[in-house]
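Participant: Each chain, letter by letter, is given below.
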Amino acid sequence: MRIVLVDQKGVEQALEAAEGWRVMEIIREHGFEVGGLCGGACACATCHVEVHAEWAGKLHPANDDEEAMLDEVPVLSPTSRLSCQIIYTEDLNGLAVKLVANG
Amino acid sequence: MTQETISTDVVIIGAGPCGLFAVFELGLLDMKCHLIDILDRSGGQCAELYPEKPIYDIPGLPVVSGQELTDRLMEQAAPFKPEFHYNEMVEELEKLPDGRWRVKTDGGLVFEAKVVVIAAGGGSFQPKKPPIPGIEAYEGKSVFYAVKRMETFRGKNILISGGGDSALDWTINLQPVAASMQLIHRRDGFRAAPDSVKKMHALVDEKKMQFHLGQITALHGDNGQLEGVTVKGNDGNDFQLECDTLLPFFGLTMKLGPIANWGLNLHENLIPVDTEKFQTNVPGIFAIGDINTYPGKLKLILSGFHEAALMAQAAFRHANPDAKLTFQYTTSSTSLQKKLGVA
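Line by line, the protein sequences are chains F and Y. The numbers in this note's numbering rise by one with no breaks, and the one at position 39 of the first sequence is 39. The numbers in this note's numbering rise by one with no breaks, and the one at position 314 of the second sequence is 314.
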């Protein structure tokens, strides 16, 4: 099972993913700079990613807490999410997300 | 203005949980501490990022909020009378001929200390800057990330961007002194006190200000003087707003800041230390908590506490090379209990 990550330089790579992990943790575990300053508590917005349009609709919608933290991202795309709030499951095999510079 | 130099045993940079516990451990060894923090209160990330979120991995406290943990650590440090210097960022660190350290802040405070402890977590909390092309040219002239004096904004045509308490509070507070006030946010939902949101909507109803939905994508102006902005509306169409002052409020982020200029070895924005003394590559400068790194490092508050205890022993020996240091327990030592004010 994998996620597909486009890093800040625009390079695409497949990352081994494990069920039950937060996407933020998967990205970080592979050595990419994803922020995650608050440790996945939905309290800092530094793990902001843009989800590929094809996948955006397949994720559970952001809850109020996540929406509130997304308010702290100065430039959002319509598919912006906090990667700490996406828990990886089998259904998400191939999930494509893009890392963006976060403040 | 020349400030009196503050002479002390230890300057601790950062008043988060590790800095606060270091006061306790150093205090048991009779070392007096001054703490410097860029925030306006103690607690660091615990107070700024998650004051209300529960923490489950503090030994002995099955669940505690960031604020409550901060309050408890403040209470635990209190017998040692630490002195706090808030809203200050340490800018310079310089070695004195006698082996002590001179520490200078951006607010002009000067300290001389035998030991410096860097407990700065992820670095200094600084306002998030929107990545709008060319915004730097306007910063400090017509784009501001904080309000220091309201008078600065009298008679201005102000645009505030954001949806948190800072954005809402300053919209309401500056509206009476501004020539015009506009607020822009990406959605009609706010992470702010409901009362503030109500007040803002009331001002809109009274035609005293405008509220727009969308995101700023470009700034227009000349020589740092803003004249207007382009906004991408939520329907995907661009529109223009006129304003001469922009206040973006997107919360705080952490930057390593001036620490990078102090001649310390750094590894990916972290300070390598040894695990005996938690000392940096520079003798007399220690680093504890999230800011340090060593093989096996875990960014846990409890690890920072352990680091503080070992660091304190080493800091004492550094400051008092000829003194004998006898390790004592607070449970049995009358002398330690006297220091704590319980014996």
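Be a bit skeptical, because a hint or two may be false.
Claimed, not checked - What follows is a list of derived Cβ distance ranges for each label pair:
| no. | chain 1 | residue 1 | chain 2 | residue 2 | range |
| --- | --- | --- | --- | --- | --- |
| 1 | Y | Asn173 | F | Glu67 | 38 to 48 Å |
| 2 | Y | His212 | F | Val11 | 32 to 42 Å |
| 3 | Y | Tyr329 | F | Gly31 | 37 to 47 Å |
| 4 | F | Ala101 | Y | Glu276 | 29 to 39 Å |
| 5 | F | Pro61 | Y | Asp205 | 40 to 50 Å |
| 6 | Y | Asn320 | F | Glu29 | 37 to 47 Å |
| 7 | Y | Gly296 | F | Glu67 | 34 to 44 Å |
| 8 | F | Glu90 | Y | Pro62 | 49 to 59 Å |
| 9 | F | Glu12 | Y | Leu300 | 29 to 39 Å |
| 10 | F | Glu29 | Y | Lys148 | 20 to 30 Å |
| 11 | Y | Thr330 | F | Pro61 | 47 to 57 Å |
| 12 | F | Gly31 | Y | Lys338 | 49 to 59 Å |
| 13 | Y | Glu112 | F | Gly31 | 33 to 43 Å |
| 14 | F | Pro61 | Y | Ser332 | 24 to 34 Å |
What the hints assert, rightly or not - Cross-link-like lysine to aspartate or glutamate pairs, in silico, EDC-like; alpha carbons within 20 Å at most:
| no. | chain 1 | residue 1 | chain 2 | residue 2 |
| --- | --- | --- | --- | --- |
| 15 | Y | Lys297 | F | Glu50 |
| 16 | Y | Lys32 | Y | Glu68 |
| 17 | Y | Lys128 | F | Glu33 |
| 18 | Y | Lys53 | F | Glu33 |
| 19 | Y | Lys129 | F | Asp64 |
| 20 | F | Lys9 | Y | Glu268 |
Hints are computed from structural coordinates only; laboratory data are not their basis. Quick reminder that beta carbons are idealized off the backbone N, C-alpha and C, glycines included.
Participant: Mind listing which of the numbered hints don't hold for this structure, in increasing order?
Facilitator: 1, 5, 8, 10, 14, 15, 16, 18, 19
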